[in-house]
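Chains as they are written, first to last, in our numbering: chain U, 1 to 118; chain B, 1 to 263.
In short, the hints are calculated from the structure, not lab data. Misleading hints may appear alongside valid ones.
[What the hints assert, rightly or not] Mimicking DMTMM-like on lysine to aspartate or glutamate, the simulated pairs with C-alpha atoms at most 25 Å apart in a straight line are:
(1) B:70 / U:92
(2) B:34 / U:46
(3) B:70 / U:46
(4) B:241 / B:143
(5) U:26 / B:143
(6) B:247 / U:46
[Said to hold, decoys possible] From chain U, some residues computed to sit far from chain B (all C-beta separations above 12 Å):
(7) 26
(8) 56
(9) 101
No experiment lies behind these values; they were computed from the predicted model shown. Backbone N, C-alpha and C define an ideal beta-carbon position, used for all residues, glycine too.
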Amino acid sequence: MFSVFRISILSIVVSALFATSSLAHKINVFAYAETGQVKTESYFADGRPVKQSRVMVYDSNDNLLLEGKTDDEGLFSFAIPKVDDLKVVVREILGHRNSFILKKSEIVASKVTEKGNN
Amino acid sequence: MKKTFLAVFILLLYAPFACAHFAAVIPSDDIVTKDESRNIQLDVKFVHPLEMHYMEMARPAQFGVLHRGKKTDLLGTLKQSQGKAPDQEGGFMTWTTDYKIKRPGDYTFYVEPAPYWEPAEDLFIIHYTKVCVNALGLQAGWDGPIGLETEIIPLTRPYGLWSGNMFSGQVLLKGKPAPYVEIEVEYLNESTGNPAIVKAPSDPYVTQVVKSDANGVFHYAMPRAGWWGFSALSEADRTIKKGGIEKHIEIGAVYWVRTVDMK
Chain U
1 MFSVFRISIL SIVVSALFAT SSLAHKINVF AYAETGQVKT ESYFADGRPV
51 KQSRVMVYDS NDNLLLEGKT DDEGLFSFAI PKVDDLKVVV REILGHRNSF
101 ILKKSEIVAS KVTEKGNN
Chain B
1 MKKTFLAVFI LLLYAPFACA HFAAVIPSDD IVTKDESRNI QLDVKFVHPL
51 EMHYMEMARP AQFGVLHRGK KTDLLGTLKQ SQGKAPDQEG GFMTWTTDYK
101 IKRPGDYTFY VEPAPYWEPA EDLFIIHYTK VCVNALGLQA GWDGPIGLET
151 EIIPLTRPYG LWSGNMFSGQ VLLKGKPAPY VEIEVEYLNE STGNPAIVKA
201 PSDPYVTQVV KSDANGVFHY AMPRAGWWGF SALSEADRTI KKGGIEKHIE
251 IGAVYWVRTV DMK
């Protein structure tokens with residue numbers, strides 16, 4: 001009974017520790033379209049990059065279009081896979097995740113700018 | 001001798017009633033999140049913040065934004081507008097612009113107004129004014145200097161503040177800390193969401209005063225939700241000629257922050 005009690009206390013303490021670190025390590029994702037590419041940036045609030053973390057890109061029907069990894073500067077770019085609302089999901093090693101929706105209108109607008117610059 | 005004494009006496013009479021002038025740059029949103037519109041509006045004006053009176057603001061000499069170390073000139077985007085207090089007649093010139101946030105980070109908007117002639121004090125006033133808008137979760141850049149003749153560098157992150165929080169800043173004059181200068185502090189009664197107009201029980205409550213320390217640093221705890229202006233005043237080492245006479249210039253380093261009630 002005593003060991004069950006100790007395990008319970010330990011679980012609570014460990015969970016509490018994780019909860020605190022989750023808030024402090026919240027990750028942010030941002031994406032924009034430029035010159036035929038989608039450019040993504042993943043960062044902590046203080047500007048430190050979210051490095052070597054998994055990136056998944058979905059269309060508006062939640063179909064997985066592609067996967068990748070952020071580099072040491074928290075960046076990951078890819079050619080525009082589809083002219084649609086794109087959901088960019090980043091998941092870092094401790095499990096913290098966040099997502100960003102790049103609107104179809106922004107992708108369309110970037111293509112118009114690209115044409116205008118040619 | 002008698003004439004001099006009378007002139008000084010009259011000037012002293014004016015001093016307590018010279019209400020505090022504040023140039024202001026107020027954004028429609030100071031924390032832009034990914035789920036909100038990224039188009040913000042900025043209002044640029046010259047006011048008595050607590051008493052809500054407006055004064056004419058001519059087209060500024062400089063208006064821009066600092067983001068991720070890069071300054072962008074926005075003077076050409078300013079559109080003329082007007083504002084007034086409920087008890088004022090006629091509108092007073094103000095300026096407004098729309099700005100689209102494109103990337104994460106801190107955006108420090110700044111204005112250098114044209115010199116304002118204040119006859120009651122027989123001098124010109126130039127208030128170099130700054131405000132910070134945080135965008136898309138990246139909290140970096142809020143403490144970067146613009147390089148103005150005088151400016152306040154925030155030592156408290158200037159957004160995400162609760163009423164009751166302390167705001168600390170360092171006053172710079174020509175890039176160097178300005179010790180023992182007076183900073184006037186005033187609440188903007190026009191703040192969106194202000195539930196009731198604050199009435200000062202007596203004059204000292206309209207504009208409060210703190211002084212910077214030997215390192216140019218000051219602190220102030222903000223007791224109410226809304227916009228707070230901090231104006232650190234110095235005298236310029238140059239003059240402007242008016243009517244053939246060289247007139248002094250009061251230069252102000254002004255910073256605006258917003259507080260929210262903790263619920």
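Going down the list of hints, with the structure as the test:
1. B:70 / U:92: Since the Cα atoms of residue 70 (chain B) and residue 92 (chain U) sit roughly 30 Å apart, the hinted pair is violated (cutoff 25 Å).
2. B:34 / U:46: holds, 17 Å
3. B:70 / U:46: With Cα atoms ~18 Å apart, residue 70 (chain B) and residue 46 (chain U) stay inside 25 Å; holds.
4. B:241 / B:143: violated, 35 Å
5. U:26 / B:143: holds, 22 Å
6. B:247 / U:46: violated, 46 Å
7. 26: Per Cβ check, residue 26 (chain U) is inside 12 Å of chain B; nearest 8 Å; violated.
8. 56: Consistent with the label, residue 56 (chain U) stays out of reach of chain B, its closest Cβ about 17 Å off (over 12 Å).
9. 101: Residue 101 (chain U) not clear of chain B: closest Cβ-Cβ about 8 Å, inside 12 Å.
Violated hints, in rising order: 1, 4, 6, 7, 9; the structure is consistent with all others.
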